[in-house]
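One line per chain: the protein sequences are A and B, in this order. Each residue of the first sequence is one higher than the one before, starting from 194 at the first, in my numbering. Each residue of the second sequence is one higher than the one before, starting from 157 at the first, in my numbering.
Because the hints were derived from the structure by calculation, they are not lab data. Where is the CB? At the ideal position from N, CA and C, for every residue including glycine. Accuracy of the hints is not assured; some may be wrong.
The following label-pair restraints were derived from C-beta to C-beta distances [stated by the list, open to error]: (1) A632(A) to A545(B): 46 to 54 Å; (2) D618(B) to P630(A): 32 to 40 Å; (3) D616(B) to A632(A): 29 to 37 Å; (4) T665(A) to P158(B): 51 to 59 Å; (5) Q356(B) to A632(A): 53 to 61 Å.
Far from chain B by the CB rule (all over 10 Å, computed), these chain A residues [what the hints assert, rightly or not]: (6) L402; (7) G548; (8) P563; (9) P639; (10) P660.
Footprint (simulated), chain B over chain A, 3 or more residues, beta carbon under 8 Å [as the list claims (entries may be wrong)]: (11) 588-600; (12) 603-616; (13) 661-673.
Here is what each chain is made of, one letter per residue.
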Amino acid sequence: MNWADLRWLVPELVLAAAAVALLGADLVVPADRKRWLGGLALASLVAAGAACAVVLTDLGGLGAPGVRVFADTYTVDAFAVYFKLVALAAVALVVLVSLDYFPGRTPHLGEVFSLLLFSGVGLLLMASASDLILLLLSIEFVSLSSYLLAGFLKRDPKSNEAGVKYFLYGAATTGVMAYGFSLLYGLTGSTILYDIAARLDRAGPAAYLAVGMALAGFGFKVSMVPFHQWTPDVYEGAPTPITAFLSVGPKAAGFAALVRTLSIGVPLEQVNWPVLLAALSAVTMTVGNLLALLQRNLKRMLAYSSIAHAGYVLIALAAWKSAWALQGLLYYLLAYLFMNLGAFFVAIVAAEGTGSDEIPDHAGLSQRAPWVAGAMVVFMLSLTGIPPTAGFFGKFYLFAAAVDAGLLWLAALAVANSVISLYYYVGVLRALYLMPPAAPGPVPVPAGLRVGLLVALIGTLAAGVYPQPVVTFVEVARRLLGS
Amino acid sequence: MPILTLTLFLPLVGALVLLFLPKEDADRIRRVTLGFTLATFVASLLILPRFEFGRREIQLIEQAAWIPAVGIQYKVGVDGLSLVLALLTTLLTVLSVLYSFRETHRVKEYNLLFLLLETGMLGVFFALDFFLFYVFWELTLVPMYFLIGIWGGPRREYAAIKFFLYTLVGSLAMLLGILLLYFHLPPGQRTFDVLEILRQRPLAGTGLLAQLAFWGFFLSFAIKVPMWPFHTWLPDAHVEAPTAGSVILAAILLKLGTYGFVRFSLPLFPEVFHQHALLVATLAVIGVIYGALVAMAQTDLKKLVAYSSVNHMGYVMLAVAAAAYAYGRPELADAAATALNGATMEMLAHGIITGALFLVVGVIYDDRTHTRGVDDFGGLWAVLPKYGAVSITAMFASLGLPGLMGFVAEFLIFVGSFSIIPVFTALAALGVVITAAFFLWTIQRIFLGPTNPRWVNLPDLDRREAWTLFPLVVLMIVFGVYPKPLLDIINLASSQLVAMLR
Numbered sequence: 194m195n196w197a198d199l200r201w202l203v204p205e206l207v208l209a210a211a212a213v214a215l216l217g218a219d220l221v222v223p224a225d226r227k228r229w230l231g232g233l234a235l236a237s238l239v240a241a242g243a244a245c246a247v248v249l250t251d252l253g254g255l256g257a258p259g260v261r262v263f264a265d266t267y268t269v270d271a272f273a274v275y276f277k278l279v280a281l282a283a284v285a286l287v288v289l290v291s292l293d294y295f296p297g298r299t300p301h302l303g304e305v306f307s308l309l310l311f312s313g314v315g316l317l318l319m320a321s322a323s324d325l326i327l328l329l330l331s332i333e334f335v336s337l338s339s340y341l342l343a344g345f346l347k348r349d350p351k352s353n354e355a356g357v358k359y360f361l362y363g364a365a366t367t368g369v370m371a372y373g374f375s376l377l378y379g380l381t382g383s384t385i386l387y388d389i390a391a392r393l394d395r396a397g398p399a400a401y402l403a404v405g406m407a408l409a410g411f412g413f414k415v416s417m418v419p420f421h422q423w424t425p426d427v428y429e430g431a432p433t434p435i436t437a438f439l440s441v442g443p444k445a446a447g448f449a450a451l452v453r454t455l456s457i458g459v460p461l462e463q464v465n466w467p468v469l470l471a472a473l474s475a476v477t478m479t480v481g482n483l484l485a486l487l488q489r490n491l492k493r494m495l496a497y498s499s500i501a502h503a504g505y506v507l508i509a510l511a512a513w514k515s516a517w518a519l520q521g522l523l524y525y526l527l528a529y530l531f532m533n534l535g536a537f538f539v540a541i542v543a544a545e546g547t548g549s550d551e552i553p554d555h556a557g558l559s560q561r562a563p564w565v566a567g568a569m570v571v572f573m574l575s576l577t578g579i580p581p582t583a584g585f586f587g588k589f590y591l592f593a594a595a596v597d598a599g600l601l602w603l604a605a606l607a608v609a610n611s612v613i614s615l616y617y618y619v620g621v622l623r624a625l626y627l628m629p630p631a632a633p634g635p636v637p638v639p640a641g642l643r644v645g646l647l648v649a650l651i652g653t654l655a656a657g658v659y660p661q662p663v664v665t666f667v668e669v670a671r672r673l674l675g676s
Numbered sequence: 157m158p159i160l161t162l163t164l165f166l167p168l169v170g171a172l173v174l175l176f177l178p179k180e181d182a183d184r185i186r187r188v189t190l191g192f193t194l195a196t197f198v199a200s201l202l203i204l205p206r207f208e209f210g211r212r213e214i215q216l217i218e219q220a221a222w223i224p225a226v227g228i229q230y231k232v233g234v235d236g237l238s239l240v241l242a243l244l245t246t247l248l249t250v251l252s253v254l255y256s257f258r259e260t261h262r263v264k265e266y267n268l269l270f271l272l273l274e275t276g277m278l279g280v281f282f283a284l285d286f287f288l289f290y291v292f293w294e295l296t297l298v299p300m301y302f303l304i305g306i307w308g309g310p311r312r313e314y315a316a317i318k319f320f321l322y323t324l325v326g327s328l329a330m331l332l333g334i335l336l337l338y339f340h341l342p343p344g345q346r347t348f349d350v351l352e353i354l355r356q357r358p359l360a361g362t363g364l365l366a367q368l369a370f371w372g373f374f375l376s377f378a379i380k381v382p383m384w385p386f387h388t389w390l391p392d393a394h395v396e397a398p399t400a401g402s403v404i405l406a407a408i409l410l411k412l413g414t415y416g417f418v419r420f421s422l423p424l425f426p427e428v429f430h431q432h433a434l435l436v437a438t439l440a441v442i443g444v445i446y447g448a449l450v451a452m453a454q455t456d457l458k459k460l461v462a463y464s465s466v467n468h469m470g471y472v473m474l475a476v477a478a479a480a481y482a483y484g485r486p487e488l489a490d491a492a493a494t495a496l497n498g499a500t501m502e503m504l505a506h507g508i509i510t511g512a513l514f515l516v517v518g519v520i521y522d523d524r525t526h527t528r529g530v531d532d533f534g535g536l537w538a539v540l541p542k543y544g545a546v547s548i549t550a551m552f553a554s555l556g557l558p559g560l561m562g563f564v565a566e567f568l569i570f571v572g573s574f575s576i577i578p579v580f581t582a583l584a585a586l587g588v589v590i591t592a593a594f595f596l597w598t599i600q601r602i603f604l605g606p607t608n609p610r611w612v613n614l615p616d617l618d619r620r621e622a623w624t625l626f627p628l629v630v631l632m633i634v635f636g637v638y639p640k641p642l643l644d645i646i647n648l649a650s651s652q653l654v655a656m657l658r
């Protein structure tokens, strides 16, 4: 092993060190100062982000090819850096809102931040892993911290239920995925994606079986049907900032790992996975949207919506042969980061102000917290895919990929699904704007949430109105994936 | 000075300014809104001296790079068609805002939405990039959803979401059509530039794909117009919307659909449109007759006006279908140009007349009688002479009385279409008879006959109401008597279109 290669891991190392430090600090810092630990967590996230920028420069800038380190098990390229930045942004925004959410609910504030950072480390690893074992471990790393976070409010039975359910589903699907990985190893004699790709010829049905089983694990992470059942219960029960985190962080990293595994490890000539994923995409978006229609609880609605969005993103894999596909996926996940975190942040404000997660109970919030409600308009329209928001441009990209790849039926289905989704997203706006307020008086918005909301709002609008900078990045990330 | 960009974004700037005004200061909010809409109106008038009346092509183009990586740019321009529709938009927004001074419920949000809506509508008429066009097209949906949903009548929530869902179905179908066009340009030259795509017609000769793209655009525009049988959202939306919302909806938003047909469907898919022209003409004629008959059956004055819109938009579509049917037959080019002139004239006439009619309904309903049952009145002209005169003029204009604007439009449509699709045109002429019948009957029931004692003490038009209605009445008469200046502008666009269709 070449010790100098560790420089590619600086972001991961920074974050891991901070996480361990926080765990220790939590024991000695007095209760009234624990919010400072959040500041430390944020600082480490910023540092990791800066380290990512350094890594990118070390690669030779945006246009340079990536490097493979540690015997090809770890790949650092623009694609990975993109996902690392997305993951860091997600963790940072969640830490920000956790600053106001968890005090009063739990004394172990430092542990929350520490666990968030640990799962952040896992996300960074997932984005780069090009070896099945490392991939499995990094997925497990994210999962284990997430189980704890979902069940963190020990005295809240729903939070407990969320933690246990998440764990059981996660354990089962990871088991299936590990079996699939072992098949791939058996077929090729290697766990490294590059070697698998080279040796996976004439594998026939066994390769299909292996890929199918591996999809269980990825499907669990990104909430793909039929591995989605945990989503609504966990989203509803987990503390809302954690739900927000689960909906964007592990999802984005799951897609990163899925894309890398399939595009590098499984040649199209051996397994026609775009066809498989076209079907899964169609089912996932339709199931998610139809079930979201029935929800009254905002968090459950957003859970089904998150399933539906996984379906939209899967279009990219189905339309793989289009140059727009992977760009669309990359862009969409960034857009989703802003709009979905934003929606959950509003859910926190609404729940604090009205004491309920039920959408009808949020009636008239536009009169009590006009700016927050206004931000929710942007988030809901963005999730529907109405311009000029990031969500629209993301959908535009993905639909374009489908049309380009000749998958007009999938694009048409996605269109139908978008129309369905309008109904439930606008249902939220209907409560906020069309219904009279249930109680008078303004709803307070704590400072951390305010910043988080503002970032999400600006992100959603800016990436929608002027997407060119992101487009430049994703264009490069696509071309250089795995090179 | 980039006059189009200025016109386009002035209302948006106004909306941003409103965002930072305290919502309690309703008066200032109203005045600022009026100021911005007036400024926008003036800016749109300033386009006229810059417009070269000898040029048929799209002109005054302003452009800037936007998302060059995928061939998207900010590009706006006008020709005779979009210019007159933009002027209609800025004028009617001013009048709507002026009329809405009486609105006291959530004034800030209300005015903000109107300003947003104005930018959306102007953008649709100005945009010369399909992506940009789509952005503005969708931008018009959101404010209208809230306008209907918050300030509307008893069934406002249902009407609002119905409007939103219907139009979104169409928009997204169109988006797929746009993408099909884009990906059939040769790689390396892919662009969303409208003029470039019109020039290349990338889907010409692709058979099924051209059909699909045509129907994608068709669905979007037909829902917006709305053509029968896609019209069912319209009575709900029109009836539930607040008065000024109905005005904008009828006067401008419906025109987005017909504008789309003329600007995009005709020159992009002439062969396909030609194939289906008779089907479209059939739907148009059904719309004409069905709209007129259903309007006749209404006792709610607002519903009556709403269904008369279905009828009038049917005439526009008849003319568009006729122009499409004339494709490939140079001997019919003049007739097609006449029909298209009529179609555009009808868009303007319907905008002005129906805008006035919804205001007329609002004046009596909103803060005088709170009823709009056609049978609840009687002899009203004697009580309200000014109001009666205005209303009766608008209704006469709507039924196509010579000397008023509606007549000019319908005359051109019928003359143009008759040489191309005579049977359809003759059937559509039936609609004129029915329209005349129900408007005359309505005038009789509301304004003539014995005075209903309930209303003897009603006040006549106040100054603000007069200011909102008189400009429209003046325009109806002026362009009814002397339509030439308007037709000269419109004819530039029509003859250019027909040249493309030859």
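A quick look at each hint next to the structure:
For the hinted restraint 46 to 54 Å between A632(A) and A545(B), the CB-CB distance of approximately 50 Å keeps it satisfied. Against the hinted window of 32 to 40 Å, the Cβ-Cβ separation of D618(B) and P630(A) comes to about 33 Å, which satisfies the hint. For D616(B) and A632(A), the hinted distance range of 29 to 37 Å is not satisfied, since their beta carbons lie about 44 Å from each other. Between T665(A) and P158(B) the beta carbons are some 26 Å apart, a value that contradicts the proposed interval 51 to 59 Å.
Taken as a hint, the range 53 to 61 Å holds for the pair Q356(B) and A632(A), whose Cβ atoms sit roughly 59 Å apart. Under the 10 Å C-beta cut-off, the non-interface status given to L402(A) relative to chain B holds; the minimum distance is some 35 Å. The beta carbon of G548(A) sits about 25 Å from the closest Cβ of chain B, which is more than 10 Å, so the claim that it is off the interface holds. Annotated as non-interface, P563(A) brings its C-beta within 10 Å of a C-beta of chain B; the closest such distance is 8 Å.
In this structure P639(A) is separated from chain B by more than 10 Å, as the shortest Cβ-Cβ distance comes to about 23 Å. Some Cβ of chain B comes within 10 Å of the Cβ of P660(A); the nearest lies about 6 Å off, and the non-interface call is violated. Taking a C-beta to C-beta cut-off of 8 Å, the stretch 588-600 of chain A contributes 5 residues in contact with chain B, enough for the three needed, and the coverage statement holds. Only when three residues or more bring their CB closer than 8 Å to a CB of chain B does the claim for the stretch 603-616 of chain A stand; here the count is 7, and the claim holds.
Only residues whose beta carbon comes within less than 8 Å of a beta carbon in chain B count, and the stretch 661-673 of chain A has 4; three or more means the coverage holds.
Hint compliance for this structure: hints 3, 4, 8, 10 are not met, and every other hint is.
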